[in-house]
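Each chain is listed here by its residues.
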Amino acid sequence: MSKQKIIPIGPYHPLQEEPEYFKLYCEGEKVVDVEWETGYNHRGIEKLAEEKTFEQVFFLVERICGICSTSHPFAFANSLEEISKVEIPDRAKYIRCIIGELERIHSHLLWVGLAGHFLGYDTVFMWAWKYREPVLDLFEIISGNRNSYAMFTAGGVRRDIEQSKFAKIRQDLSELKKKVDLLTGAVMDDPVIHARTKNVGVMTREDIIDYAALGPTARASGVAIDVRKDDPYAAYGSLDWNVITAEEGDVFAKAKVRLLEMYESIKIIEQSLEKMEKIPEGDILTTIWEIPEGIGMGHAEAPRGEVFHFVKTDGTNSPVRHKIRAPSYMNIATFKKSCVGQTISDAAISLAAVDPCYCCTERMAVACDHTSGKQILDGEALIKRSQDKTREIKNKVK
Amino acid sequence: MAEQLFYFFIYPGMLFAGIIGIIFAWADRKVTARVQFRQGPPVLQPFYDFIKLLLVKETILPKNGSVIFFLLAPVLGLFGATAAAVIILMPALGLTSGFRGDIIVLFYLLAIPTLMFIVGALASGNPLSSVGASREIKMVLSYELSFILIIAGVILKSEMTLQLNEIMALQQSQGAFIASLSGIVMFIAALVVIQGKAGMVPFDMAEAETELAEGIFMEYSGTAYAIIKYTKYILLFILPVFIAEIFLGGLHFEGIHILWSILKVLLVLVLMILIRNTNPRLKIGQAMRFYLLWINLLVIAGLVLHYIGI
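These protein sequence lines are chains A and B, in that order.
Each residue of the first sequence is one higher than the last, beginning at 0 in numbering that gives the first Met the number 0.
Each residue of the second sequence is one higher than the last, beginning at 0 in numbering that gives the first Met the number 0.
Calculated from the structure, these hints are not laboratory results.
Think of the CB as a built atom: it goes at the ideal place given N, C-alpha and C, for glycine as much as any other residue.
Warning: the hint list may mix true and false statements.
Residues from chain A that face chain B, not an exhaustive set, calculated with beta carbons under 10 Å [claimed, not checked]:
1) Ile8
2) His12
3) Gly27
4) Val31
5) Val33
6) Leu118
7) Gly119
8) Thr122
9) Val123
10) Leu182
11) Thr183
12) Gly340
13) Ala347
From the derived model, a few chain B residues whose C-beta atoms are all more than 10 Å from chain A [said to hold, decoys possible]:
14) Trp25
15) Phe36
16) Pro40
17) Leu105
18) Val200
19) Leu258
With the hints as constraints, model all of the structure from the sequences given.
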């Protein structure tokens, strides 16, 4: 029996830029257990949302995550519209779909690049990110921002997409399709990528259901779960597109699902543009004057899976309770299944394969005593500690 | 004695090989950048990086490691690489004719830097470094066998000559070894082996930035790391030169041959850079299998082809 040692990935590690801590318990190169710690970057967004008006909360939830910055407002808008029982204009529905799908494309391209980087294949990293640029440019044309688009509001969208921009959007999309073709070919046909990703981090159908994994992680194991199909919101119900699934459940299948989903997204955007041509410009908002007392649940399919927002209101202009659950919260738990028994190399890419987003997942961390389970430090003690530290440093400088 | 010291430390040894190696490192970064749609650094950037690392940055010593071995290892590695550089470069530059058996000595000298990196990594007492070291040991065990087989092949092709100078002279009179099928096969194998020796993707699993956070070099900083970098620069220069010498008809610095010699070395370098940029990192088990089975089979096929006479 060889001695176990801890290989730390985090809290700061070049694998992933966000602060998170995976303890890989290893025997030699083999991972025998994984432990996950978080709470390095808790921002108290849910609490903050209770102190803001509904209009302001849209901007707040948009800043939960930099990559899927539309899925949170999307889900929040859905929940508010459920409370106030309004139907938003058709044009706004299509604009919402376009923004959501463009975001999916750029997020998936970003993941393909990062996955390449984690495999040491920096060329794919740079190429994928280069191809992501036109998508961000499209966002700038549509919303004025390359990221955090500020397009959503309760009852519709804040900005229209003018008919005159359609030609440019269509042209960019057809060029993007060629680039995605190239990237898909490069990834799907590379024998070394096959050697690195096939049969690595396999999640079976049963594992996915046990862990309640979401999004491409689940779809790569043959679980066709997608909120856009299962409970259509915005205009997804009236458009023609497919849920992409794969059966293998390994890292390669996850890459394949993401690459093929980009084509579906392009399809959705093209159809939305077509339908929007028949609707006059300007009709994008059903003004909601007052949000009544009630409970609203909204969800949206983010690039990583289902984002879920729960909002409780009391008739005033801010939520009483706002609960957010991002898909990574479910997906990160699968590491226990996908990493154990693999080598460190495989574990690193298995961690990356679910496209974890730690800023969405951050939870408050409480330091407890191991045996008694009693809380060691509370808020006041932490403040006192930080003040002591400042005093200590000040004395040193003097 | 003074002459030998000059050879070792200035020309064509430590200083000369290092400076050319830094320029090669710039070429590596520039070509990589262009392949990846980036602009790439200016020519002097690797010099700036190196000087800053050597003179400005602080050297942090590991608390739980053996400091003597930790610091001695890079220095010994540099000396090993420099000795190899001198033996490889002197015949090419026409300074001496070398000695009988120098190609065998080279096999040992080229292994020293890697072994010293392993010693340094193990002396640092870091768990990630120790994983990196164990990977590096596995790599050494895998590619050295192929390397000695390739050298044996070269010796066979040069009619049992054990001297680098004579191998080159033979190629100049009878044509380069790569002009035959067996030569091409062994050249491909040699290219893969030096890729592993230089620690470049797809064989950089000992460093593996995104898995082990630089693995074997993780604890090094400041001057000690600068010495390691310098060793790697020298290796980046002499490994392509060595391959050009034993397969591509040798190097000869006279008249128009200067141009051909430089082009040969650059060809090997560019091939290495392109392999590095078109492959993901292999797993250690896959790399071992690749060398021990496929590359060895390839070299043996080359030897058989040589006996058949093609």
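Results of checking the hints against the structure:
no.: 1; hint: Ile8; in the structure: 8 Å, holds
no.: 2; hint: His12; in the structure: 6 Å, holds
no.: 3; hint: Gly27; in the structure: 7 Å, holds
no.: 4; hint: Val31; in the structure: 14 Å, violated
no.: 5; hint: Val33; in the structure: 14 Å, violated
no.: 6; hint: Leu118; in the structure: 4 Å, holds
no.: 7; hint: Gly119; in the structure: 3 Å, holds
no.: 8; hint: Thr122; in the structure: 5 Å, holds
no.: 9; hint: Val123; in the structure: 8 Å, holds
no.: 10; hint: Leu182; in the structure: 13 Å, violated
no.: 11; hint: Thr183; in the structure: 16 Å, violated
no.: 12; hint: Gly340; in the structure: 14 Å, violated
no.: 13; hint: Ala347; in the structure: 4 Å, holds
no.: 14; hint: Trp25; in the structure: 17 Å, holds
no.: 15; hint: Phe36; in the structure: 5 Å, violated
no.: 16; hint: Pro40; in the structure: 15 Å, holds
no.: 17; hint: Leu105; in the structure: 29 Å, holds
no.: 18; hint: Val200; in the structure: 5 Å, violated
no.: 19; hint: Leu258; in the structure: 31 Å, holds
Checked against the numbered hints above, the structure violates hints 4, 5, 10, 11, 12, 15 and 18; every other hint is satisfied.
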